[in-house]
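Below, each chain spelled out in residue letters.
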Amino acid sequence: MTLVLKGVMQSPVTPLKNDFSPDYETFERLVDFHVRTGATAISWPHHKAESHNLTIAERKALGEVAIKAVNKRVPVSIHVSALALEDTFDLARHAQKKGADAIIAITPYFWKYPPEAIYDYFVKLGTSFDLPLIAYNSPSYLDGIEFTGELTARLIQRLPNFIGMKEASFNSEKFFEILRAAQRLRSTFAMIVGVEYLLPSVSLGGAGSYSSAGAICPNLCIELYESCIAGDWDRARAAQYKLSELWLLFRDQYPSSLKGGCVIMGRPVGPTRPPLPTASPERVKFIEKRLIELGIVDSEPHGW
Amino acid sequence: MAGDRKDNTVSDFKFGLTHAPLTPFVHDRIDHDTYRKVIDFHLRNRAEGLALPMHAGESVSLTAEERKALAEFAIKQVAGRVPVIINVSEAGTAIASSLAAHARKAGATALICSVPYYWTPPQSMLVEHFATIGQAGGLPFFVLNSPSEFSEVEFASKSVVELLGKLPHFAGLVDMSLDWQYMIEVVTVARAVRPDFQLVSGNEYMISAGAIGATGMLSSLASVSPKLVRELYDLCRAQDYKAARAPQEDAAILFRLFRDAGPAGLKAAAKTMGRDCGAPRQPLQTLPDGAARALAAKISNVGSVKGEPRGWA
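Chain order of the listed sequences is A and B.
To convert, note that position 188 of the first sequence is 188 in my numbering; the numbers rise steadily by one, no gaps.
To convert, note that position 170 of the second sequence is 170 in my numbering; the numbers rise steadily by one, no gaps.
Keep in mind the hints are simulated off the structure, nothing from the lab.
Since we're looking at a predicted model, the values are computed, not measured.
Backbone N, C-alpha and C define an ideal beta-carbon position, used for all residues, glycine too.
One or more of the hints may lead you astray.
Said to hold, decoys possible - No more than 25 Å apart at the CA atoms, straight line, and that leaves these computed lysine to any residue pairs for SDA-like:
no., chain 1, residue 1, chain 2, residue 2
1, A, 112, B, 152
2, A, 174, B, 305
3, B, 76, B, 28
4, B, 298, A, 184
5, B, 158, A, 253
6, A, 124, A, 113
7, A, 174, B, 260
Stated by the list, open to error - Okay, the calculated bits of chain B under chain A, using three or more residues with CB under 8 Å as the criterion:
no., segment
8, 185-196
9, 244-252
Please put together the full structure from these sequences, using the hints given.
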């Protein structure tokens, strides 16, 4: 259980063929690209990987590809959240069997339920498997369903394998409240910010990020993390401002625009499954213009 | 456009560590004797500026006449030792504008203004509201962004840019949203237009705000913990965020206690620390004894509070 999560961790998108079927070969390449360009861990399939639009069978098959492609160079966590909790447990069982290093799960989707229900769910998930467990907090996407410091502390006391949280509130108070409560009980507990808001989170004690733009600009992501760790805050601010502009560019029609950006960087990953749109040629042109303006095209790797 | 006035140009005034004092009442009237002590307490405890009356100073429960009198009194009492920033937030543009014009005449250094109370106007109306008030005041002008207190109305980053085009005195934004996406977006777009645009943390989560680029902090906790607030601010301005973590923890605990308890809680706490500012004005109510004792117990568990000043010293 000595899994240390820190630095810029990548959660790859899911490459698709033109008929929207999974493109296993490109997926393998993409995972390998992330590891070669400095990912400290791989985590798949987050929502940007269109987890909701993949069948359970596809998630299992692609998960195996990811684990094999990484080949133990860095830890791999599998995101097991699905609409039906039966599927979640099925995905977790599969991840454990296939050699994943951890599982990650968001608070259950759709329903409105009290904090006690979140507690029960994570206790069940955490005690059913031997793998380290990472929780995922996203209050704005899940309409206020969220972890509090108190709830996190109770889960840490109950679950020795609860090692970290992906936190995507992007809010000082919420982030720090969970961090404070957690690290008092488990000093190694890793607070990992969702997308690249590393400047405000690492300064508060955060461990790293699950990257959004890693498939586009791995160098910039790592520059931001390293300058935060080195306490070079001027450099960190410059990198953060640029990454924030990229996030605003990609957040619109996420992850369609991100996949559109991959085309520009010479790493095409195919269309996006409906109901999400696929970036139109005009949209791709616009993204290209922004990537050139922001200096990304010149400073980041092109092709695989 | 920008820079066409010589007096109080935007770049002259730096927000720094500004305290938001309580407004003391006696028999439901502003208690001037105590207010004098309040002001001197903040200055002795190293406030670099005073912003008044903020919500912690029960601004919304004061009449426009009282607010004007309060501004005059405070400015006279401060006597130029630090800048005084007058809060002109109001529901109506004209009333706010008259407060702004008055503040300038009374000798205020800068103005601070929230989105209008009660209404939930679209962005274009917000820009007009601020432009009108800012022009009436002719002083460095700060927008207070606090969506959780204003039905989630936020002053959008594109509106910040629009207002910069209309109001040469628009000096900065005081953020209470604690929202990283928002703060970064605002500094990015605003500083592209005006490099000295100030981001000010409107509460005591100074580490993240400071890392993002905030250069000032507005503190209502200063009524209880001025030393803590000063230590946190200084460490964050020095960008020593590791050392700032400990004071940030105490500030976070206190922030959450007082967010729930409001000005009534601040007044109860100030009283237990030997600075009785009287009862809050209706509709706020004095904390019942039990609640005040429970709050005092929670506060005394916060390590740094032991080192804070008692009485008016």
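So, going through the hints one by one against the coordinates:
no. : hint          : in the structure
1   : A/112 x B/152 : holds (21 Å)
2   : A/174 x B/305 : holds (23 Å)
3   : B/76 x B/28   : holds (23 Å)
4   : B/298 x A/184 : holds (18 Å)
5   : B/158 x A/253 : holds (20 Å)
6   : A/124 x A/113 : holds (16 Å)
7   : A/174 x B/260 : holds (15 Å)
8   : 185-196       : holds (count 3)
9   : 244-252       : holds (count 4)
Every hint from the earlier list agrees with this structure, and none is contradicted.
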